[in-house]
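S.K.: Protein chains in written order, with my numbering: chain R, 965 to 1715; chain V, 33 to 324.
Don't read these hints as lab results, they were simulated from the structure. Since no wrong hints were added, every one of them can be taken at face value.
Per the computed footprint, the stretches of chain V lying under chain R, defined by three or more beta-carbons under 8 Å from a beta-carbon of chain R, are:
#1 219-225
#2 288-299
Which bits of chain R does chain V cover? Going by a derived footprint, with three or more residues having C-beta under 8 Å, they are:
#3 1576-1588
#4 1618-1629
#5 1644-1658
#6 1705-1714
Small disclaimer: the values here were computed from a predicted structure and weren't measured. Don't be surprised by glycine CBs; every beta carbon is placed ideally from N, CA and C.
Now for the letters of each chain:
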Amino acid sequence: MLENKEYKVIGTRPIRHDGVDKVTGRALYGADFQAAGLLHGRVLRSPHAHARIISIDTSRAEALPGVKGVVTAKDLPDPGDKIADLGEGAVNLKYLCDNILASDKALYKGHAVAAVAATNPHIAEEACTLIDVEYEVLPPVLEVRQAMEPDAPLLHDHIRTTSLGETADEPSNVASHIQHKLGDPEKGFAEADVIIEREFVTGTVHQGYIEPHNATAHYNQDGQLTIWCSTQGAFTVREQVAEILQYPISKIKVVPMEIGGGFGGKISVYIKPVAALLAKKTGKPVKVLMNRADVFEGTGPTPASFIRVKMGATNEGKITAAEAYLAFEAGAYPGSPVGPGAMCIFAPYNIENVIIDGYDVVVNKPKTAPYRAPGAPNAAFGSETVVDEIAEKLGIDPLEIRLLNAAKAGDRRADGPVHPRIGCIETVEAAKAHPHYTAPNGKKHHGRGVASGYWFNIGLESSVTINVNADGTINLIEGSTDIGGTRASIAMQAAEVLGISAESVNPSVVDTESVGYTAVTGGSRTTYATGYAAYEAAQDVKRQMIARAAKLWEVDEANVQFADGEFSSINGKEEQISFRDLCGRLGETGGPIVGSGTVNPGGAGGAYATHVVDVAVDEETGKVDILRYTAVQDAGKAIHPSYVEGQIQGGAVQGIGWALNEEYIYNAEGEMTNASFLDYRMPTCLDLPMIDAVIVEVPNPGHPYGVRGVGEVPIVPPMAAIANAIYDAIGVRMTELPMSPDRLLKAMGKI
Amino acid sequence: MRDFSYIAATTIPEAVALLDAKGESARILAGGTDLIVQVREARRDVDWMIDIKSIPEVNDLNYNATTGLTLGAAVECYKIYADDAICDAYPGLIDATQIIGGTAIQGRAAVGGNLCNASPAADGIPPLIVLNASCVIAGPNGLRELPVEDFCTAPGQTVLGKGEMLVSMKVPAPASNSSSYYLRFIPRNEMDIAVVGAGASVTLDAAKQTIVSARIALAAVAPTPLFAEEASALLAGQEISDAAIDAAAEAAQAIARPISDMRGTAEQRTHLVGVLTRRALNGAIQRVRETT
Chain R
965 MLENKEYKVI
975 GTRPIRHDGV
985 DKVTGRALYG
995 ADFQAAGLLH
1005 GRVLRSPHAH
1015 ARIISIDTSR
1025 AEALPGVKGV
1035 VTAKDLPDPG
1045 DKIADLGEGA
1055 VNLKYLCDNI
1065 LASDKALYKG
1075 HAVAAVAATN
1085 PHIAEEACTL
1095 IDVEYEVLPP
1105 VLEVRQAMEP
1115 DAPLLHDHIR
1125 TTSLGETADE
1135 PSNVASHIQH
1145 KLGDPEKGFA
1155 EADVIIEREF
1165 VTGTVHQGYI
1175 EPHNATAHYN
1185 QDGQLTIWCS
1195 TQGAFTVREQ
1205 VAEILQYPIS
1215 KIKVVPMEIG
1225 GGFGGKISVY
1235 IKPVAALLAK
1245 KTGKPVKVLM
1255 NRADVFEGTG
1265 PTPASFIRVK
1275 MGATNEGKIT
1285 AAEAYLAFEA
1295 GAYPGSPVGP
1305 GAMCIFAPYN
1315 IENVIIDGYD
1325 VVVNKPKTAP
1335 YRAPGAPNAA
1345 FGSETVVDEI
1355 AEKLGIDPLE
1365 IRLLNAAKAG
1375 DRRADGPVHP
1385 RIGCIETVEA
1395 AKAHPHYTAP
1405 NGKKHHGRGV
1415 ASGYWFNIGL
1425 ESSVTINVNA
1435 DGTINLIEGS
1445 TDIGGTRASI
1455 AMQAAEVLGI
1465 SAESVNPSVV
1475 DTESVGYTAV
1485 TGGSRTTYAT
1495 GYAAYEAAQD
1505 VKRQMIARAA
1515 KLWEVDEANV
1525 QFADGEFSSI
1535 NGKEEQISFR
1545 DLCGRLGETG
1555 GPIVGSGTVN
1565 PGGAGGAYAT
1575 HVVDVAVDEE
1585 TGKVDILRYT
1595 AVQDAGKAIH
1605 PSYVEGQIQG
1615 GAVQGIGWAL
1625 NEEYIYNAEG
1635 EMTNASFLDY
1645 RMPTCLDLPM
1655 IDAVIVEVPN
1665 PGHPYGVRGV
1675 GEVPIVPPMA
1685 AIANAIYDAI
1695 GVRMTELPMS
1705 PDRLLKAMGK
1715 I
Chain V
33 MRDFSYIAAT
43 TIPEAVALLD
53 AKGESARILA
63 GGTDLIVQVR
73 EARRDVDWMI
83 DIKSIPEVND
93 LNYNATTGLT
103 LGAAVECYKI
113 YADDAICDAY
123 PGLIDATQII
133 GGTAIQGRAA
143 VGGNLCNASP
153 AADGIPPLIV
163 LNASCVIAGP
173 NGLRELPVED
183 FCTAPGQTVL
193 GKGEMLVSMK
203 VPAPASNSSS
213 YYLRFIPRNE
223 MDIAVVGAGA
233 SVTLDAAKQT
243 IVSARIALAA
253 VAPTPLFAEE
263 ASALLAGQEI
273 SDAAIDAAAE
283 AAQAIARPIS
293 DMRGTAEQRT
303 HLVGVLTRRA
313 LNGAIQRVRE
323 TT
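Chain V with its partners taken away, still in its complex shape (with noise of 0.2 Å):
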């Protein structure tokens, strides 16, 4: 493993500044999980790591029934979980945080690290953008903040300029009769690596009978992970019904452009999208179902 300088910022402007001044060399170092070993197998070059964890504000996990939810940047995957009003609101965002990794890899890894790791395949994110999430981005010139689903660029990049770094995501509060659900396809039952993942939420009518609206996102189907927009809108006042869910599963499908890779072939990811989508939407209508 190469030498690297660390250095830990105690505020947001000393981050920036410091991100500012060393430029492509620097990199943030939360919970490490990704990129320590990125670093160690000589993936990544960095000179600078900059610690953020003693920064107070991208450690603000703060839940509101009216207001939603504050999820610091830096917070580790083991204490949204524990947090209970947090599983009721977000059901879908806790499938992803209790799959990332093992128990030892929650207690040090964090989402808003998923999300500026920017993997296609990464669990974070879809949950993230079915949720209505939005990024909350630190630079030189302030805050500025932007829809999760517009935050990723390409594998491992991300829209972070010079100086900037994220500081937090904001979810809104769940409407009524509302949930969602997160899976993703691995051949064994751990320790793998999305082949596919797929999120959903869906917000139904009083009777629970009727989607008012809906959202899909894909994982590892494209370069970044993907807001199923158009499949989404198909359900969109739909009496819930297979055919509704197939033909917003078909046109998940069809917006996938997944590549062969050790992981998976692209035509079997194709396939996944379909069964994956359809099992999201059920995931999630069935917890509405189930709720009181």
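This is chain R alone, in the form it adopts within the complex (with noise of 0.2 Å):
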């Protein structure tokens, strides 16, 4: 197993090589890219939540002077009845563009029906006045339990439930029934001696990243199609693209614009595919950008759930069985993270009877898309609640139940992998440990909860390329867009092998044609996979530096060894140089060095994260104030402990919005009321106080200095945790989210 050992870069906090560019304004995002002959796309979305499309007349917006050229969903090539391969997940074609055109049904209001390119963004968007649709309007679905109805108006006439194997007869909304059984769940709740079963309910949520969606997108000549974006994968972008226009990667290029957030809602491709299309009418470069409208209403939030969650223990505190029942919204089309949900809910503990059913439900709501840790935060709120509930009956304290059945190595996950060493003891031990934990909390109306979440996080694959520089630095060529500092922790890991200092690394996130493949940033995957990559090129570097040393030196090549940045010489010659200098000696000893690096790893290892939180409650208003906040995770190693906070803190900030207030709100027609930062209500710094993150480290035997991923695991206990504090401090469980003022006063009884 990996020792927690002494490192010379990682570890320590070097400035961001991408920082200065970004706080200072010079660095380039998708909406500042410029081309000679730039046309400006535009967006027609549908007014209806749900609605048949009989026809689209572009007749008059094509007529309106500075118009070049409008798209439907005719324009696409036709999807037929395809599976497509997008690497990480199947799925079907024509769901894939339906989302991005709709063909027959609008499902969403928001959902793209039609699309201009004009001279300039104001004709554009007067053109799309000019499109005439003419829809039948049908009833919106508009939540999942109604979904489930056998009599709720259907989404799509083909869908059929498959439930464990078998496909029902009549179609439904319910795309798909999971589950996952351990042991003997009824013989578990019969040893029980207490048992809680509760419901709970949480919100449509958005990621709220800053940057809004965009796309420039240009033909050349022979046909090349060129992309540059805002994206967290550019190579899925050219796989989506490639699938959803029948055209060959070979003739795609994506170049990854910087991003200004993406949360996993950067995932999926929307306006993408629409560019080049609209490139591909006007034979110029078209440039889409998306507005915060467009992207509320228009873009994958994470979805509204409906959870049963029943646990029963032993006086003495041992969880004896655990039962959840997880509906979720997938939106328009199937894909919801149930799955994910499914996986994480039990994670924290052992258990050995467990049963989980998962419910994947279309709704009239935008398509669904990942959003840290997809599917767990939902899944989370419901079973740490209820564990806190049977605590507090039990008189145990919180985190000590948490430890009676903590998870371990070697122990087995409902849905079947066994754990590998994982961090989920000593993040529980660090939070008790914790001043914040001890201290005084008993104020009116003050609280404190804890919660502790799991996510699993990925490997998958990436590549890294090292051209060494004469002057002994050298520049690392890689695909993984940069969302939270990865420029810098992958850097780090190529500089520890180097023996030189990060500063010496020039870090590169390049287009899909100068790199090997790369998958997406996300899965909290890009320090831990990229990273490897990177350590992989490093030690290729390294190899070859040391058969240069020995060419230069005339010794064997077992001879060399590396140490401290110097190459030497054992067993006779007493010779020394180093890194630098060695570098600048590559021509005369057999020309430059370029080293390589691919990885596809399996042992992502799995994070685990306990927050503790203090807060008041004003018992007149309902509103909540977060006091003091403390978010312990297990890291791994933490490459560069300031990104890791960075993550630990956005995450437990995302978390307490979604706790709080946000929320999509619908009216009846489904209409999304609150479409803007105005009245989506994130918190802001002045309702949040200084999130304290405690980086604990066990190291992952899957990564050679022991990553795990941290960007997800964060927003996975906050929902709970504050649902539990509310309950310390006003004697009231909240079941729904969010736990927004006017709730609160209901749960209360005041109005």
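Take each chain as given, in its own frame, and dock them per the hints.
M.R.: Now the structure itself:
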């Protein structure tokens, strides 16, 4: 097993390579992109939540001076009945295409139905008002339980529930039913002295990245398509666009610009294929930008859900059985994150008897997209609230009951996998030992709550190329778009291998033609997997450099050793040369050195977090203030502790927003009434205390430096932790998210 | 954003003549923090924006302890709260100017614009109502004046007729032993529009034990900001007590006609009127008692 040993670069806090450009406004984002003859695109969106599209007449828009092209779903190739191969997940191609431009039905308000390219954005906007779409408006289905009713209006005529391998005969809004079972739940509940069963409802929430989606597309004369855009993965954009346009990947180049946040929401494509269609039709580069309302109404939120959790424990606090029913809204097309929710829900515990049922249900809302640990926060809100209630009933400290039942290496998760070395116990212990947990908290209407969370993290493919420079620096070429400081955390792993400083590495995030295949920045994989590839590439450089030193000194390679940035000969000749000096002699020793590393590692290693929060509740208004927040998390090994802390803080803050005020508010017609940052209430800095991030390091055996992904798990515990703190403050169990002031007033019986 | 014409008027008669000639298609531009957003989002059709920021009268900011305050319609929030004498005299107005938008918005936004935008949730209007302010309106037939509480007629609509514009607000000098207070309820601590707003002014007797007179105004619970006349009258001559304040708060709740929308539910708003009215009255009383 890995030791938590000392490193030279890893664990330090250098300034990120992209930092100065970003804080001085020089970094280039997608909206900054300019080209000669650039046209501006605008998407017309459905005003109805559920409607059949009878006809689309674009003639008036096309006649408007300045309009250069209009496209609808008819301009897309027929997707047929194909399953799109997108590497990470197979998707019905028809769904993918219909979500880009609706063909027969508009399935949510904001669903794209046509797009215009014009000489300026104002003309494009006006042209959209001149497109005549005839709709047959249908009743919308806006809530998961309503959508599951047998007589609910159907979104798709052809969806039949697949349940444990069987496909139903009748069409339904329930796309699939999954089940995980471990042990004998009935026997487990029979052994329990206390059983708690509760129902929970969570709202639809958005990732809320600050930069709206953007894309500029251009076809060269030889048919080569280039797309400049904001994305979490240039290669996944290439794959999705290739499938939707039925165009070879070798004819598509995707250039990732800087990204202003994604949190999972910039993996699916929306306007990128549309920009390409417009570029093809007009023969010019076309830029399409979303505004904030487009982002809320037209791009993936994470789903609302209905959850029922039942858990039983003995008087001593041993959890004997757990049962969960998870119904998740997929949005307009199948594919909610109910699967990951079911994988994570009881993962902080070693429970012998478990049954989990998950349902993926379509509703008339935007198709959901990943959002930080997708599915796990919804699930944990239910399970971590029930665990708190069991602890209270048994008179056991809530962290103690977590320790009593904590998952550890060798325990089996209900969905099958056996845990490798994990840091579940260590994070709970660190939370328990933290001064926050023992600080006095006796004021009226003040309360303290805790909750834990799990996310499995992923590996997937990454490629890194290193070009060695004559001055002793290296250019590190990577394909992982940098959202949270990964240029630095990847560069530092290469620097550690080569015994050079982080500043001696010049990292570049490049396009799909300039680096090997690299999967998305998502699944908390980038510092882990692309960092792993950088480690391998640096090892490759090191091997080649050793060969050059051997050549220079006319000794055997086995007689050259490398330590602390110095090559030296052993056995005989006393030669020594620094990494930097040897870099200057590559020409005379055989030419330039290029190192490469490619990985598809399996041992991502799951991450655990435990959060402690103090709240104050204004009993007269129902408003909750967060007074103090401590987030403990296992990072395996924190390559750059500041950026690990940043991820922990960011996840906690997004969880606080999800807990207290964030939600899509719909009217009866299925229109979102709060599609702006004014009324979609994310927390501001005035709503937050300093989030105290505590890093625990239980090294991951699946990575050379012990790294575990850190980006996602911190959003899992906050909702339950805050609900448990509210209960501690006012004695009311909140079971619906968000726990907004009006809901608190109702729960307290004030209105 | 659609095309529009911009013209800067330099005198009141010029602005009035332009408004009269262009009619419904013209709109006064001062800070533009509401207007430009509304045009951009196609919520208001405007062919002409008439900029009044170069007209001297609308930039007038003049406080005199005997005659009171003249507050030009285009005076930005930041100028109001930067004036110590105005802060001392009208703290309820200052409460509002410091929470309308953020610092950057306060550098552009005017209280007069807040009034003309006529949002039911306007933070700037309840303080003017409780301070007994009046509006000075210029039009083709000269000047007229009316109480602030009569200015708004519906969401986004005012008494301003064809060719008319708001020139300034006049606020009487504060009586001795008086003060004012404004607060709103929002789910966050920043960035939100009031779910409910409540303003109060009180004049106490020399012993600071009895309320001589009081005025209460509410925002976001009716199509226009409301003067809670009966609730205010209930307090006149009352000794300060929780019971008296509760009675006024209940009377204020009785006139609230809120709707349910994305910012709050009707029942939540009615409940909050009681809470906020009590807090506004207690806040104003506290301020009188704190000044010697």
